[in-house]
Amino acid sequence: MDSQFLVSLLLIVASFGLYIGIAVYNRARQTSEFFVAGRGVPAIYNGMAIGADWMSAASFIGLAGTVMVLGYDGLAYIMGWTGGYLLLTFLLAPQLRKYGRYTVPEFIGDRFQSKTALVIAAIATILISFTYSIGQLAGSGVVIGRLFEVDAKIGVMIGVVIIAIYATFGGMKGITWTQVAQYVILILAYLIPVIFMSLQITNNPIPWLSYGNVVSELGALDRELGISEYFAPFDTASKWQFMALMFSLMAGTAGLPHVIVRFYTVSTMKAARWSGAWALLFIGLLYLSAPAYAAFSRFILMKQVAGSPIDALPAWTEKWVNTGLLKMADTSGDGILQWKEIAISNDIVVMATPEIANLGIFVIGLVAAGAMAAALSTAGGLLIAISSSFSHDIYYRIINPSATEKKRMAVARWSILIATVVAGVVALNPPGVITQIVAWAFALASGTFFPALILGVWWKRANAPGVIAGMIVGLLVTLTYIFLAKFGGFTILGIIDTGAGVFGAGSAFLTNVLVSLSTKPPSQKLQDEVMDLRYPEQLSYKDGEVWKDDKVI
Amino acid sequence: MRKIDKKVADAYFHARVRLIGVLLVIWFIVSFGMVMLAETLAQYTFNGFPLHYFMGAQGSIIVFILLLFVNAYISDRIDEKYDLVERKGKVTKGKSFQS
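These protein sequences, in sequence, are chains A and B.
Heads up: the first sequence at position 551 corresponds to 551 in full-length UniProt numbering, and the numbers run straight through without jumps.
Heads up: the second sequence at position 39 corresponds to 39 in full-length UniProt numbering, and the numbers run straight through without jumps.
To be clear, the hints were calculated from the coordinates, so they are not data collected in a lab.
Covered stretches of chain A, as calculated for chain B (at least 3 residues, CB under 8 Å):
id, segment
1, 215-228
2, 237-246
3, 273-280
Just so you know, these numbers come straight off a predicted model, no measurement behind them.
For every residue, glycine included, the Cβ atom is placed at its ideal position computed from N, Cα and C.
Can you make the complete structure from the sequences, with help from the hints?
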């Protein structure tokens with residue numbers, strides 16, 4: 001056992017001891033607390049919790065590598081995953097909070113007064129969250145597998161056990177405060193290597209200011225090699241694909257059930273707005289750093305690794321070559337490893353760079369602990385969303401409305417446990433790379449929930465047949481386009497599978513509006529409820545008049 | 001409960017909608033607008049970056065964060081202007097799970 005293994009393991013165990021300790025300390029007693037943590041979380045901490053929920057294996061492990069491989073085109077992920085928060089905070093979060101339902105499907109079911117809509121929304125929640133959590137568990141498997149030098153499959157199994165324990169017993173109350181701790185650990189784990197690399201390469205401790213010149217220098221190195229510049233726009237895909245992907249990620253962000261549910265944990269509309277702002281600040285720290293991480297990694301690989309003799313490569317290379325995710329072959333036969341002869345997978349860039357840059361065992365261990373926090377915290381939020389969709393929206397509202405609180409609690413816990421195990425089984429052989437799986441989940445969210453929620457909140461004329469038809473059409477169009485683009489080679493304007501959400505959302509909006517207009521308007525009561533969402537929480541709209549509740553002022 | 005002039009309530013709503021509209025126009029320009037102009041922006045540099053790369057990697061995200069804080073701040077001012085400051089710890093109006 002080498003010292004790297006011990007340090008990494010110690011850091012992961014210590015950080016998880018902290019998370020589990022907090023979860024056990026806050027162990028939920030009441031069902032309402034289990035779902036939305038008693039609605040008493042201050043905006044700044046809620047922002048951190050949203051951040052930890054949000055920053056998944058795709059953001060932490062995959063993002064910098066994607067930007068490094070795709071160059072400018074990879075920035076669609078950076079802008080898409082941050083810009084969506086504006087849609088969410090401006091157009092949806094305060095209204096959904098005022099409406100006061102516990103889950104997104106419940107909102108859709110009550111707003112449209114339709115059990116069918118509720119069930120479709122619950123199924124979509126389960127589908128989206130499940131797709132997404134497969135990526136997270138696969139990511140945790142890679143990290144654990146690397147650490148113990150065991151197969152990634154065994155790593156996935158270990159991850160499943162950990163997540164099942166704290167999601168089942170902690171509930172969201174545990175998870176809210178656990179997420180705050182996770183956010184702190186994962187942001188430190190991400191920033192420390194970037195800052196060290198910035199010092200190493202540019203002598204400037206502020207990576208965000210220093211890496212511009214590195215980007216320009218990378219372009220110069222590419223010109224010398226005769227390949228297209230690192231920052232050349234639309235080099236790997238069309239401009240339409242860039243914008244379709246960006247839209248899909250933004251709309252998906254605004255419609256993602258496990259993120260929206262976080263806004264139910266604050267006490268006022270005002271707190272919902274501030275939560276969104278703090279969340280993006282905390283998330284933005286990582287997203288502003290990922291392109292710097294990518295640029296420094298590529299710079300080190302081009303300047304320090306490429307050009308070395310093939311028989312005198314540093315020790316770390318063998319370790320990563322053995323994983324099959326890094327290929328270095330002297331195809332030109334000149335005894336020197338050329339840049340073009342290095343093939344590095346997106347998913348190992350973040351994990352391998354601290355080793356490549358020789359940042360020391362503590363930093364490498366910290367990155368491993370941060371990656372675990374990212375994968376498992378998002379998986380936690382997703383599994384809660386699956387569990388509440390099933391136990392609350394399907395079981396309690398449809399199957400057994402007379403269930404006691406104890407019974408519902410048991411169903412919630414069992415559904416978390418089952419969902420975790422099933423997602424873990426699928427993650428043993430993931431159907432694609434992490435970022436790709438996650439982009440599909442966003443495309444599905446933008447094709448189903450985004451149109452349903454926007455029209456539900458802002459258009460009182462939207463009715464049950466409209467939303468049902470809209471969600472079904474959006475879901476089918478998105479799924480069909482993903483499969484056609486991925487396996488059938490069918491594309492429109494060069495838009496590939498990851499940008500499918502733009503077609504899903506477009507067709508769902510259109511269907512919802514057309515069907516709503518050609519069927520009966522919703523009841524006056526429902527229309528009044530939508531009018532009511534225009535005003536802050538202490539105002540209520542009734543029979544064409546607005547009332548102020550002075551008791552709460 | 002007391003009645004509020006509907007005109008006042010609607011003025012509040014329109015003030016909020018105007019604010020959101022302006023912020024979303026800026027949001028669109030710094031995201032989709034900058035992507036549409038990427039080839040043109042590529043001719044300029046900022047702080048060492050080609051400008052289109054800077055906008056995608058830093059500029060747009062910083063503007064997004066600022067827009068969210070501006071929205072939270074101005075919305076609070078609008079609430080104050082219409083005497084609608086919310087207090088913490090009140091029971092929410094929505095149906096509760098237990099009831």
